[in-house]
Amino acid sequence: DSGVTQTPKHLITATGQRVTLRCSPRSGDLSVYWYQQSLDQGLQFLIQYYNGEERAKGNILERFSAQQFPDLHSELNLSSLELGDSALYFCASSVEPSPRNEQFFGPGTRLTVL
Amino acid sequence: AQSVTQPDIHITVSEGASLELRCNYSYGATPYLFWYVQSPGQGLQLLLKYFSGDTLVQGIKGFEAEFKRSQSSFNLRKPSVHWSDAAEYFCAVGMNYGGSQGNLIFGKGTKLSVKP
Chain A
1 DSGVTQTPKH LITATGQRVT LRCSPRSGDL SVYWYQQSLD QGLQFLIQYY
51 NGEERAKGNI LERFSAQQFP DLHSELNLSS LELGDSALYF CASSVEPSPR
101 NEQFFGPGTR LTVL
Chain B
1 AQSVTQPDIH ITVSEGASLE LRCNYSYGAT PYLFWYVQSP GQGLQLLLKY
51 FSGDTLVQGI KGFEAEFKRS QSSFNLRKPS VHWSDAAEYF CAVGMNYGGS
101 QGNLIFGKGT KLSVKP
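From first to last, the protein sequence lines stand for chains A and B. Read in the numbering used here, the first sequence has 31 at position 31, and its numbers run on one by one without any break. Read in the numbering used here, the second sequence has 55 at position 55, and its numbers run on one by one without any break.
Next comes chain B alone, as it looks inside the complex:
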């Protein structure tokens, strides 16, 4: 069955420090992978996506993610975190076959806190 695992429920980093949020997926076909961010009281905003090609993808707000097929991972990174990055981050895999095309399967999320 398809699934997404985000092993870290909550991460705290200092402002200016680097960040890596982990995501592992289980999917039988070529995965379509996404990272979304949810600020308090807000909907989800797409940070970046991977479909094929270059395994390092750039997104908005200075985020990037690297797809590693051998590790079934799609980790999100940012070289220098800003206080405004405090939010909850969701990794997702998009269904790309059959009647379920387009549906997203989400991980449980990682809440990021930023220390001044």
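Chain A extracted, bound-state conformation:
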């Protein structure tokens, strides 16, 4: 158990819909990262937050957005869903945004868009 929790575990929805994925970081971690794992693209960094502020964006679509709340949990919002958005979405956390700090990964949310 990494200490990072993600809900829900599974999500099945239809094209055009909007969903919210939730992540609670490990106690004491201020940085949260979101990654997408798909068969064709592999594991890709989406977005990073540090202590409530957005720090960096990766290959995140404009239909996707995220935020980190004062209690440090984070939510990833995916809207106007397409079939290609079906993937495993991971959240990770670390103490600070430095590669010297280990990132601890949650179990992921598997999103299926039908």
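Derived from the structure by calculation, the hints contain no laboratory data. Any given hint could be a false lead.
Partner residues aside, some chain A positions facing chain B, computed with beta carbon under 7 Å [said to hold, decoys possible]:
hint: 1; residue: Thr20
hint: 2; residue: Leu39
hint: 3; residue: Gly42
hint: 4; residue: Pro97
hint: 5; residue: Gly108
To spell it out: a stretch of chain A is covered by chain B in this simulated footprint if at least three of its residues, at any positions, have a beta carbon under 8 Å from a beta carbon of chain B; those stretches are [unchecked claim]:
hint: 6; region: 62-75
hint: 7; region: 82-96
All C-beta atoms in this analysis are idealised placements derived from N, C-alpha and C, irrespective of residue type, glycine included.
With the hints as your guide, set chain B onto chain A.
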């Protein structure tokens, strides 16, 4: 651009045999290198990391990796594989400058199967 290449998509080894998983990276600065393992239905677990110093690093579960700057490689090894090592293995480089500090760039992964 930064990238990580894992040339082997799938490897099968016999239980008790040695293992080497290949990883090559492209990164302009001194790389921070990682190996993660993902068991079916699980998140990623860190096996080991390299920042500087001794180029041979030891990790959990009996794994080790060797950093070779001249070859831009960070190959993962294990002398004797156990059936429980069957999983997918990811090599990653950590961004260590600018606003992208901390982000990980992953290879496509190598799936390891273990024959009894």
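May I ask you to test the interface hint for Gly108 (chain A) with respect to chain B, counting a Cβ-Cβ separation under 7 Å as satisfied? Hint on Gly108 (chain A): holds, closest Cβ of chain B at ~6 Å, below 7 Å.
Holds or violated: is there a CB of chain B closer than 7 Å to the CB of Leu39 (chain A)? Interface hint status for Leu39 (chain A): violated (10 Å vs cutoff 7 Å).
With a cut-off of 7 Å, does the beta carbon of Gly42 (chain A) approach a beta carbon of chain B closely enough for the hint to hold? Holds - the Cβ of Gly42 (chain A) comes within 7 Å of chain B, reaching about 4 Å at its closest.
Taking 8 Å as the C-beta cutoff, is the stated coverage of the region 62-75 of chain A by chain B satisfied by three or more residues? violated (count 0)
Per the coverage rule (Cβ-Cβ under 8 Å, at least three residues), is the region 82-96 of chain A covered by chain B? holds (count 4)
Hint check: is the beta carbon of Pro97 (chain A) less than 7 Å from a beta carbon of chain B? holds, 4 Å
Under the criterion of a CB-CB separation shorter than 7 Å, is Thr20 (chain A) in contact with chain B as hinted? violated, 19 Å
Consistency note: the structure conflicts with the earlier hints numbered 1, 2 and 6.
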